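Colleague: Now for the letters of each chain:
There are 2 protein chains.
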Amino acid sequence: MTNQTKRVIRAARGNELICKGWEQEAALRMLMNNLDPEVAEKPDELVVYGGIGKAARNWECYEAIVESLKNLENDETLLVQSGKPVGVFRTHETAPRVLIANSNLVPAWANWDHFYDLEDKGLMMYGQMTAGSWIYIGAQGILQGTYLSFVEAAKKAFRTPDLTGRFILTGGMGGMSGAQPLAGKMAKGVILVVEVDRLRIERKIREGYCDYFAENLDEALKMVKKFTEKGEPASIGLVGNCADVYPELLERGIIPDIVTDQTSAHDPINGYVPHGMSYDEALELRTRDSKAYEQKSMESMAVHVEAMLGFQKAGAETFDYGNNIRANAQKMGVENAFDFPGFVPAYIRPLFCEGKGPFRWAALSGDPEDIYKTDELAKQMFKEDESLVNWIDMAQKMVKWQGLPARICWLGYGDRHRFALKVNEMVASGELKAPVVFGRDHLDCGSVASPNRETEAMRDGSDAVADWPILNALINTCGGASWVSVHHGGGVGMGYSIHAGQVLVADGTKQAAERIERVLVSDPGMGVVRHADAGYGKAIEVAKKKGVKIPMLK
Amino acid sequence: MTNQTKRVIRAARGNELICKGWEQEAALRMLMNNLDPEVAEKPDELVVYGGIGKAARNWECYEAIVESLKNLENDETLLVQSGKPVGVFRTHETAPRVLIANSNLVPAWANWDHFYDLEDKGLMMYGQMTAGSWIYIGAQGILQGTYLSFVEAAKKAFRTPDLTGRFILTGGMGGMSGAQPLAGKMAKGVILVVEVDRLRIERKIREGYCDYFAENLDEALKMVKKFTEKGEPASIGLVGNCADVYPELLERGIIPDIVTDQTSAHDPINGYVPHGMSYDEALELRTRDSKAYEQKSMESMAVHVEAMLGFQKAGAETFDYGNNIRANAQKMGVENAFDFPGFVPAYIRPLFCEGKGPFRWAALSGDPEDIYKTDELAKQMFKEDESLVNWIDMAQKMVKWQGLPARICWLGYGDRHRFALKVNEMVASGELKAPVVFGRDHLDCGSVASPNRETEAMRDGSDAVADWPILNALINTCGGASWVSVHHGGGVGMGYSIHAGQVLVADGTKQAAERIERVLVSDPGMGVVRHADAGYGKAIEVAKKKGVKIPMLK
Ligand SMILES: NC(=O)c1ccc[n+]([C@@H]2O[C@H](COP(=O)([O-])OP(=O)(O)OC[C@H]3O[C@@H](n4cnc5c(N)ncnc54)[C@H](O)[C@@H]3O)[C@@H](O)[C@H]2O)c1
Ligand SMILES: NC(=O)c1ccc[n+]([C@@H]2O[C@H](COP(=O)([O-])OP(=O)(O)OC[C@H]3O[C@@H](n4cnc5c(N)ncnc54)[C@H](O)[C@@H]3O)[C@@H](O)[C@H]2O)c1
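Here the protein sequences come in this chain order: A and B.
Counting from 440, one number per residue, gives the positions in the first sequence under the working numbering.
Counting from 440, one number per residue, gives the positions in the second sequence under the working numbering.
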């Protein structure tokens, strides 16, 4: 293992295939891209993001997946079970090339204890959402979503999308949470991010995702004061533990305009870091006595959430940012932990009703020019959508490439397939240098059941109904996505969510166009169907206007 | 509703289509067949079997499914979510026509309380295993499996498959459990079945599944004595509650040769009936105070299991027959409830390793002659398999048709598709009068995760890993099964299992043959793969001998 852990993985670029078809090639490149040191949080441990979200179960499994993809015929399908390649069956050309199921457990055993037990035995891995499904594209993936949430929060609280002169407080600067400083700045605010690991802040500063480093709270507050007064957008990383900093701020009577948190609270052992000890002491305790660590972690979350509730009471626009911290705090006795809402019901659900979600694409050529050309296309096709055009302009300026060049852009039902068809034509004509993959986060409009996050407080009470992500995976398999995945756990942790993903290759062929017309209709279509079924007027309206077939819709 | 509850549903027979293709037609007929009064336990309530296992959420949903199937094009796919038709998307000709997800809940909410809450709101139904997936074929479906279990138990305990002169004790004579008296008799034993509802026994006697009715224990024991002494196979139904009868027998020192139980213990409210009161009193309590009922139910199960443990200690071959009664008894303090094994690790797993499982087919013509012809084919193709040939002979003699004529036969990897291809040819040539559907129970070799039943005590400890049934559903969707289903709960109840099903229509076309060659290879293939991955020597041997592609197999 020792020499293997030093390997550097980077996806091939350009137009030459080492697999027997573009779909296998795309799966191989996106798997490798997930482990590119520019992309992955801990590539040596195969960890892509989100605590322990992995791309393959172990190095032996990784090698076997690579080998399987290289040998896979165009009428075969590879099965991957929690990061291990377990079978190959003959299917047909328009079927997916890879089917993935990660971290799924029978409900009565769906807890961290049992999961870690299985992981210790080498029988499981944690797939997170886009780690084990090979469509993580670095911090940009979440950037637009985060930007969008800040803007929507601003609209709701201050009746303007403009956060000039406003103070945002949050926690976490890791894989996904690392998008926060830049997103806050894009929304024109002053954002303070509390992060326990100084290396994470330094990394984000190096990557251009964060502007300033603060060693202590006073230093940080001085900067906040200066920039808010000047009305100058800025991002500041403060080394510290949220469970220390949040209560301290509250005690000092300093109330931010917006408060949230994105530490990896979904995982009290390998994610969240407890307060009341130094970071090094915490790391030591984690290895020495994980049970004691877990207990401390849970206690810290309670303190952390209490402070957030305090800010809310004092008038801050406060929301949970999808890390399940409220549920953990509630377990520890904070009964009113759910007093502040999750970001989905608060800001994102109206978008889901239109089939919108974190759609994305990556250029297998490796050439940024290919993405710039798709940027132009999007700006042209959706020019009436001001915030979309703005997003692309800002992204071009501020987002650094990580791994294969990629773009994320929230498109809805009707727009996703129209856009992808055009891109497929550009691949066919040679305008783009190589095929493009289209995918999305598992956090999408019709692909997830997660009662503390994406499906929190559904209108009809169907928060916990998990039939939907399963139907999503099945219909996308029907339509011929290139690879399809079903995961359990994801961003909110074991027991709390089931979700599905799909990735589709546009290689310029007619067959790819047909698949696009099926999958990129049914996939966002599931969002419209799911929300119409739950009684959301907007989704019903979209279904009627755009002709989504819903048998019992009146 | 009042006049609707009197409707009698019966599938159309013969060669005339009311749908736009045979796959839709088959789905429609099999849905209706599930609700045929000859087949369903409570057709008025849409309940097919297994307590509350339903074919559609309610009558309105039933109508809408029928309508949707009639209108469904040959390149469309209908989505059914817990018995409600929720969407139709364009897919393609070789994709499944229907995708079904029933009763799936996010794990932390996967319990009866939450399920009933959702059911009350009209948001869910219980799909059981083959009820909501439209491939229940009445008691025969389970008959061969039950017969097989008794025979295997006999082999293990008495080193002979012949139960002549032996006494089997069991409970339950409902939908599935109603197969027990006949199966015990087929295995040549004397079987006593304790059933609380006298109407159930009378029904089984009418159907020819049970020979004798006993009003009380003494009467029953007299018969048992007479027939065992004569060495004459016989089945007896005793009106009574297992939690009364089992302990009483034990107290009297009467120890059967084989002891098991198949009351609907998976559901303590709508399934199991508590002792210590009359059946009528129990029914009254169930409606009046379901919480109190549940408590009594759970207490009775503890008594029931204690007696089974007593029989085991006294030397009876004792096993759990897949109703989760051990887990419920354990919850009530019977710590050693799992001292007796489940029937799967004890008798069935070796068959699973070869890809064997409860495969079945039904004749859409409605003509028994079609089934007799397939019987002949099976006897010819597998003539070296003595017990299979025996089974078909006995089934022809003793099994009464319920709804569409059907045959169940445990075939394994390699045999299922070879057999189905021949049948498809017989449809093509007109030798059979109409197409045939091939399906199976969700309880199959590679389609279920259920740690208290099908995946109990797996060699590698992977009992609770639910990636497998999901991959099973996805690969069968890839291959083009006619309909595919994923359910939660099933025979062991909420929280305890995830499982998948598939049904495939052989309409005599070349396209059907191609689908058969894919789906009826990958489906049992998943059983070989799953058990090889868990380290079962037999499965590894089969994989190697038959060329199942397993990337990391050494
Ligand atoms: N849109 C969404 O819903 C969404 C998006 C992204 C991430 N998330 C969730 O947010 C969480 C973070 O995701 P990630 O990918 O950034 O994980 P990560 O592990 O890469 O980063 C989390 C960071 O939080 C830091 N941290 C942990 N405990 C801390 C504490 N007490 N105080 C200060 N810092 C602390 C860690 O050092 C780490 O850098 C996860 O729970 C994830 O599921 C949700
Ligand atoms: N192979 C398997 O693993 C397998 C197969 C079939 C059924 N099952 C399980 O067996 C159970 C029965 O299935 P079913 O379809 O027959 O259900 P069912 O509800 O149709 O029949 C169960 C019968 O048990 C009777 N009963 C309930 N409590 C009783 C008691 N205390 N004493 C005596 N009789 C009692 C009921 O009156 C009913 O007739 C379910 O839990 C099912 O999941 C397992």
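Just so you know, the hints here were simulated from the structure itself, not pulled from any lab data.
Treat the hints loosely; a few may be bogus.
To be verified - If you want the footprint, here are the derived chain B segments under chain A, 3+ residues with CB under 8 Å:
#: 1; region: 619-626
#: 2; region: 738-745
#: 3; region: 903-914
#: 4; region: 921-929
Unchecked claim - Some but not every residue of chain B turned toward chain A, in silico, with C-beta under 10 Å:
#: 5; residue: 471
#: 6; residue: 500
#: 7; residue: 548
#: 8; residue: 561
#: 9; residue: 805
#: 10; residue: 807
#: 11; residue: 860
#: 12; residue: 891
#: 13; residue: 917
#: 14; residue: 935
#: 15; residue: 988
As the list claims (entries may be wrong) - Label-pair restraints from in silico Cβ distances:
#: 16; chain 1: A; residue 1: 457; chain 2: B; residue 2: 774; range: 55 to 63 Å
#: 17; chain 1: B; residue 1: 560; chain 2: A; residue 2: 869; range: 32 to 40 Å
#: 18; chain 1: B; residue 1: 976; chain 2: A; residue 2: 977; range: 30 to 38 Å
#: 19; chain 1: B; residue 1: 974; chain 2: A; residue 2: 719; range: 46 to 54 Å
#: 20; chain 1: B; residue 1: 993; chain 2: A; residue 2: 594; range: 56 to 64 Å
#: 21; chain 1: B; residue 1: 820; chain 2: A; residue 2: 977; range: 53 to 61 Å
#: 22; chain 1: A; residue 1: 775; chain 2: B; residue 2: 977; range: 50 to 58 Å
#: 23; chain 1: B; residue 1: 647; chain 2: A; residue 2: 499; range: 25 to 33 Å
#: 24; chain 1: B; residue 1: 647; chain 2: A; residue 2: 977; range: 33 to 41 Å
#: 25; chain 1: B; residue 1: 512; chain 2: A; residue 2: 454; range: 34 to 42 Å
#: 26; chain 1: B; residue 1: 774; chain 2: A; residue 2: 594; range: 51 to 59 Å
#: 27; chain 1: A; residue 1: 899; chain 2: B; residue 2: 476; range: 27 to 35 Å
#: 28; chain 1: B; residue 1: 730; chain 2: A; residue 2: 708; range: 30 to 38 Å
#: 29; chain 1: B; residue 1: 726; chain 2: A; residue 2: 729; range: 42 to 50 Å
Note that the coordinates shown come from a computational prediction; the quantities given were computed from them, not determined experimentally.
The C-beta atom is built at its ideal place from N, Cα and C for all residues, glycine as well.
Colleague: Each hint should be assessed against the structure and marked as holding or not.
Modeller: Here's how the hints hold up against the structure:
no. : hint                         : in the structure
1   : 619-626                      : violated (count 0)
2   : 738-745                      : violated (count 0)
3   : 903-914                      : holds (count 10)
4   : 921-929                      : holds (count 3)
5   : 471                          : violated (17 Å)
6   : 500                          : holds (7 Å)
7   : 548                          : holds (4 Å)
8   : 561                          : holds (9 Å)
9   : 805                          : violated (28 Å)
10  : 807                          : violated (35 Å)
11  : 860                          : violated (15 Å)
12  : 891                          : holds (9 Å)
13  : 917                          : holds (4 Å)
14  : 935                          : holds (6 Å)
15  : 988                          : holds (4 Å)
16  : 457/A with 774/B: 55 to 63 Å : holds (57 Å)
17  : 560/B with 869/A: 32 to 40 Å : violated (55 Å)
18  : 976/B with 977/A: 30 to 38 Å : violated (57 Å)
19  : 974/B with 719/A: 46 to 54 Å : violated (41 Å)
20  : 993/B with 594/A: 56 to 64 Å : holds (59 Å)
21  : 820/B with 977/A: 53 to 61 Å : holds (57 Å)
22  : 775/A with 977/B: 50 to 58 Å : holds (56 Å)
23  : 647/B with 499/A: 25 to 33 Å : violated (57 Å)
24  : 647/B with 977/A: 33 to 41 Å : violated (58 Å)
25  : 512/B with 454/A: 34 to 42 Å : holds (38 Å)
26  : 774/B with 594/A: 51 to 59 Å : holds (58 Å)
27  : 899/A with 476/B: 27 to 35 Å : holds (33 Å)
28  : 730/B with 708/A: 30 to 38 Å : holds (36 Å)
29  : 726/B with 729/A: 42 to 50 Å : holds (48 Å)
Checked against the numbered hints given earlier, this structure breaks hints 1, 2, 5, 9, 10, 11, 17, 18, 19, 23, 24; the rest are met.
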